[in-house]
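All chains should be built: construct the whole structure from the sequences, respecting the hints.
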Amino acid sequence: MSSYLTKIPTICINKNFPKVLSIKSYTSDGKNKGSGSQDNKEPPKITLNKLNLFGTVGIASALLASYFLVRKTQDKGANFLDTVTFNNVKIPEQHVLRKSPSEDFEEKDEHLREQYNFIKKVVNDCAGAVFYLELRDPNLRDPETQLPMIMSNGSGFIISEDGWALTNAHVVLNKPHTTITAIMRDGRSYNVKVEDADMNIDLALLKLETEEKLPSLEFGEPGDTDVGEWVVALGSPLSLSNSVTVGIVSCINRPAEELGLKNYSMTYIQTDASITFGNSGGPLVNLDGNVIGINNLRLTSGISFAIPIEYVRKFLMNTKYRMENMARSTKGHKTLFGLTTIPITPDLLDDLKKDNSNLPKDITHGLLVWKIIPETPAEKGGLEVGDIITHVNGIPIEKPAQLYDFSSSRSSIDVEIINRGQKKTVVLKMEEK
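Using full-length UniProt numbering, you'd call the opening residue of the sequence shown number 1 and step up by one each time.
Hints may be right or wrong, so weigh each one.
So the derived label-pair ranges between C-beta atoms look like this [stated by the list, open to error]:
no.	residue 1	residue 2	range
1	I303	D351	14 to 24 Å
2	L147	R313	37 to 47 Å
3	P255	S301	17 to 27 Å
4	F118	P360	48 to 58 Å
Restricting the straight-line Cα-Cα distance to at most 20 Å, the calculated cross-link-like pairs of lysine to aspartate or glutamate (DMTMM-like) are [as the list claims (entries may be wrong)]:
no.	residue 1	residue 2
5	K207	E218
6	K193	E212
7	K207	D162
8	K361	D351
9	K399	D414
10	K361	E398
11	K399	E416
12	K424	E398
13	K361	D347
14	K353	E416
15	K371	D137
16	K380	E416
17	K423	E384
18	K314	E324
Since the hints were made in silico from the structure, they are not lab data. Fair warning: this is a prediction, and the values are worked out from it, not measured in the lab. We treat Cβ as the ideally placed atom computed from N, Cα and C, and that holds for glycine.
Here's what the structure looks like:
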């Protein structure tokens, strides 16, 4: 048989393994063709079958070792990244076989939610007493629904289970000749009457017309609010009822002058909780669920303001005092006119002119009528909520006290008013109680 050359790879194994594979040629009888000496021993021969077997066993061994190494590391919870390197480069964390984040978090999920969901508890405790205020004009109809047109909206909250509530005065007084409805979180709705208001501090006392017992909020203590404290603002921004925003107290005594409110001598709570249009009148509460202020205005993103609870307490005390005095003064004497008014301030006048294009431009003073008691001289004489009283018996009127001075000395008075943009004169006759 003719000789032929066959190239067979030979692995040179020594203590420095691995090294480069060497290739030598042998004849068909097994002798080294390239060797000049017959005394050299033949190198070990490895057939292709044996090489395949060694390779298969090696790969299987490597995979099995890797499995047990990773499994052992996972079972022990060791930091695998601290012990494994490849060519002196640590393996990035995302390349290491580990439990998924969801598996790691699953065991602690319930505990963490209970620990950090403190805002949820505050909302659950308070939201039932907060309502969305809707003001509709019965004389204007929505072209699509044919319902009375919505003229304005805002927020408010209940302070006693029999339906007494609070909001901002500008929410309910700037839109004359409207009906007011409070819509609760659960969808219940109630008619609302304005019982008292103070435009100087922008607060109004409301009464929801219902015999039901309603959820209510408690006041925080004056002076018990600190900078950096977590607060929650509840209300209906942009008509989105049942909305909640969270922030901290940035300042507890921000002067009105710094906000450009020259007509007010009061201070505000500054917060980064978002307070926007429609949120006005809602409560600002602390993590105890107590009201520390009433949402009032926003300067820019992250800078909003609330009326401190101290002003709210004083307002309610003054309201109670006025109501008690009015009840005493009418016993056995001539009745008062049966209406409640507030002075026209520059800010209020600007708002009224924006919403009533037919309001006379020359008006500079007067009293805005925002409440009329049924079966009283005011109602019988033709006064309406939203009218502006400018003169009594030809004398300019700027304060409510001026109006009541006439009731003690005259049996009737001539009252000049602006009703729906038109100047009119009505006669109010005093009646015995």
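Structure-based check of all given hints:
Between I303 and D351 the C-beta distance comes to about 22 Å, which sits within the given range of 14 to 24 Å. For the pair L147 and R313, the beta carbons lie near 38 Å from each other, so the given range of 37 to 47 Å is met. A C-beta distance of roughly 21 Å is found between P255 and S301, which places it inside the suggested range of 17 to 27 Å. At roughly 53 Å, the beta-carbon separation of F118 and P360 lies within the given 48 to 58 Å, and the hint holds.
For the hint pairing K207 with E218, the CA-to-CA distance comes to about 17 Å; that is within 20 Å, so the pair holds. Between K193 and E212 the CA atoms are separated by roughly 16 Å; this keeps the pair inside 20 Å, and the hint holds. Taken as a hint, the K207 and D162 pair is honoured in the structure, with Cα atoms around 9 Å apart against an allowance of 20 Å. Taking the CA atoms of K361 and D351, the gap is near 13 Å; set against the 20 Å cutoff, the hint holds.
Taking the CA atoms of K399 and D414, the gap is near 17 Å; set against the 20 Å cutoff, the hint holds. With a CA separation close to 17 Å, the supplied pair K361 and E398 stays within the 20 Å bound. Between K399 and E416, the direct Cα distance comes to roughly 15 Å. Compliance with the 20 Å bound is thereby established for this hinted pair. At roughly 18 Å between alpha-carbon atoms, K424 and E398 fall within 20 Å of each other, so this suggested pair holds.
Distance restraint check for K361 and D347: the Cα-Cα separation of roughly 15 Å lies within the 20 Å cut-off, and the hinted pair is therefore satisfied. Proximity of K353 to E416 is assessed by CA-CA distance (about 19 Å); at most 20 Å being required, the pair is judged to hold. Of the pairs offered as hints, the one joining K371 and D137 holds, with about 16 Å between alpha carbons and a cut-off of 20 Å not exceeded. A threshold of 20 Å between alpha carbons decides the hint, and for K380 with E416 the separation of about 15 Å falls inside it, so the pair holds.
A hinted pair counts as satisfied when its Cα atoms are at most 20 Å apart, and K423 with E384 qualifies at roughly 13 Å. For the suggested pair K314 and E324, the alpha carbons sit about 16 Å apart, so the restraint of at most 20 Å is met.
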